[in-house]
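**Q** Here are the chains, one letter per residue:
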Amino acid sequence: MTTAVDTKKLTMVQAVTDGMRVMMKEHENVIVLGEDVGQNGGVFRATDGLVAEFGEKRVIDTPLAESGIIGTSIGLAMNGFKPIAEMQFLGFIYPAFNQIMTHASRIRARTLGHFTVPMVIRAPFGAGVRAPEIHSDSVEALFTGMPGMKVVVPSNPYDAKGMLISAIEDPDPVLFLEPMRCYRSTKMDVPDGKYNVPLGKAARLQEGIDVSIFAYGAMIDVVTKAAKVAEEKGIKCDVIDLRTLYPLDKDMIAESVQKTGRAVIVHEAPGTGGLGETIMSLINDTSFLYMKAPVERVTGFDTPVPMFALEDHYLPSADRVVQAIEKVTQF
Amino acid sequence: MEKLFPKLQIINENGEWNDETYKSEITEELTKELYTKMLRSRLFDRKGVNLQRQGRIGTYVPFEGQEASQIGSALAMGEGDWMFPTYRDHAATMTFGHSLKTLFLYWKGRQEGCIPPEGKNIFPPAVPIASQLLHATGAAWAEKLKGTDRASIVYFGDGATSEGDFHEGLNFASVFNAPVVFFNQNNGFAISVPIEKQMKSKTIAQKAVAYEMEGVRLDGNDVFAVYFHTRTAVERARKGEGPTLIESVTWRYGAHTTADDPSKYRDQNESATRREKTDPILRLERFMKNENMWDEKWAEELQESLTAEIETAVKEMEEAPAPHYNDVFDHVFAENPWPIESQKEAYAHSRGDR
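For the record, the sequence lines run as chains F and V. First residue of the first sequence: 0, per numbering that gives the first Met the number 0; consecutive thereafter. First residue of the second sequence: 0, per numbering that gives the first Met the number 0; consecutive thereafter.
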């Protein structure tokens with residue numbers, strides 16, 4: 000017997016709002032705080048309607064101070080609350096870096112578990128929406144390299160809601176990154192009420208035997224297009240949406256490359272120090288003798304994200320991904 | 000500004016009354032309790048410096064000279080309140096509930112030194128500067144949201160007032176009317192930088208004005224002034240009347256840490272003079288003599304029993320079983336993710352442990 004669950008067609012940003020609403024209804028200690036998250040509903044409307052529903056005590060317009068938002072959220076989190084702190088853009092998180100690096104991520108370890116910081120930091124990120132300078136940064140690797148933080152990136156509305164709920168239920172700090180390009184790019188059936196998409200688990204979007212493609216966030220759309228072009232050329236891609244960047248889904252990555260023997264990793268963050276390097280080392284550790292070609296990466300450059308007149312050059316494109324796919328198959 | 004924010008004092012340097020408002024509460028019992036706690040922390044501090052010199056603990060951060068500031072303020076806090084210390088505030092944390100053994104363990108590089116006794120809300124020492132003001136504000140805000148009357152006290156130095164987090168902490172606490180006592184110990188130096196180079200402001204208390212907050216400046220070597228004025232601030236916080244910024248003007252006699260040499264940046268004769276003139280413990284002794292509370296035999300016995308207590312704590316610290324390397328791995332997350340688990344296994348394997 001199957002139970003019919005009502006669904007609604009939602010964009011990713013609406014799914015994010017719905018995830019917060021569901022958890023705020025269920026848990027009184029879940030609160031939302033950030034710049035413009037109250038009356039204004041957030042600059043992307045991610046908190047739209049929450050202040051009307053839950054009141055100003057739980058949906059808090061804070062002073063304009065990122066370190067202040069994260070620092071007070073730490074105090075709230077270790078004293079019984081579950082703050083969902085919004086950074087207006089990931090590119091604005093830098094004033095809070097000290098609070099995240101020296102406190103949020105390591106208070107559990109410092110006190111051998113006596114104090115914990117169960118909080119979620121939400122941040123829109125990534126290029127491709129013609130945003131002003133600094134607003135387009137993809138600096139997820141600053142946080143995947145930060146012991147004590149989990150980092151997750153949904154690429155569609157269903158995952159966004161289910162992963163946000165899992166992040167809110169997680170006992171440790173989670174950085175929840177929301178690709179701006181995906182906010183309104185598509186609508187999808189999203190179940191009403193509560194459901195979980197587990198953290199730490201990737202998703203296979205397309206089954207293939209020739210090349211593994213690993214990507215996340217806004218790059219999923221790019222690699223899906225590239226995989227389609229490759230298919231027309233007779234190359235079958237195994238397309239994996241990583242979804243959680245720390246800890247990575249090692250098993251699915253290994254299983255995929257052991258099947259295909261070839262891998263292309265795509266992310267818009269700079270190549271040096273990027274997730275691609277971590278995935279390559281993981282492939283090296285788990286699947287060295289299965290590989291038929293060196294791993295290819297298609298990434299942003301080791302440059303600041305340019306102003307938007309040049310951002311299409313900076314961002315990995317389907318063409319570049321197709322070229323990488325051909326390179327690993329022709330090796 | 001010094002006129003607007005006078006340095007409040009209850010007893011002067013000679014142990015004579017300056018303000019008799021709290022005279023009826025200043026009993027022999029309270030006086031002896033304060034004296035005992037100050038002497039205990041001073042003997043602990045000297046032991047800490049000695050243990051470092053002997054190589055029995057790591058770098059140590061001394062606070063000698065600041066006992067009245069730390070103990071008077073900590074004693075003003077109640078059960079269930081929150082304390083956010085820096086690495087120089089062990090006199091405050093031992094007064095609020097930390098064991099001496101735990102404090103020594105911290106300086107021996109043990110994680111256990113960050114853990115308060117059950118039921119005591121003492122955060123681990125903040126090592127970055129001023130970041131803890133926001134944690135204190137958040138914890139106090141949480142108490143307000145829960146509807147309790149609990150408050151936070153947070154310690155920081157004069158240098159911390161230059162950091163952005165100082166201003167963000169005061170502003171958030173002010174905007175959200177969080178029950179926090181911001182307890183500044185102005186000892187005149189941020190490592191080597193004197194306060195004149197830190198700020199042009201004549202006082203730290205005046206910075207409260209910008210946040211529509213009570214600002215109090217007091218003689219931080221007068222333990223009564225510290226205790227009673229902090230108590231007033233805590234009461235105000237409990238009643239929902241908002242946070243307070245207290246500037247407790249004091250002095251550290253010694254180095255910033257045992258790795259620092261203060262003679263490089265200031266004339267240490269100043270410390271010698273201050274020991275004679277303004278020392279917080281000597282001042283209380285003078286007061287007790289003036290008030291016929293002093294008993295030489297009591298003082299001698301006290302010194303002996305406190306020394307024995309400290310020696311016991313040193314022994315406990317040194318006899319604590321060595322920590323297991325699993326502690327490095329097992330408390331980063333509630334559950335170890337695979338990278339940590341595999342690193343732990345590989346490390347154990349490299350040692351031949353499995």
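Since the hints were derived computationally from the structure, they do not count as laboratory data. Note that beta-carbon positions come from the ideal geometry of N, C-alpha and C, so glycine has one too. Certain hints may be false.
Computed footprint of chain V on chain F; a stretch qualifies when at least three of its residues, placed anywhere within it, have a C-beta under 8 Å from a C-beta of chain V [what the hints assert, rightly or not]:
{"no.": "1", "segment": "60-70"}
{"no.": "2", "segment": "74-86"}
{"no.": "3", "segment": "110-124"}
{"no.": "4", "segment": "290-302"}
**Q** Evaluate each hint against the coordinates.
**A** Now the hints, each set against the structure:
no.: 1; hint: 60-70; verdict: holds (count 7)
no.: 2; hint: 74-86; verdict: holds (count 7)
no.: 3; hint: 110-124; verdict: holds (count 6)
no.: 4; hint: 290-302; verdict: violated (count 0)
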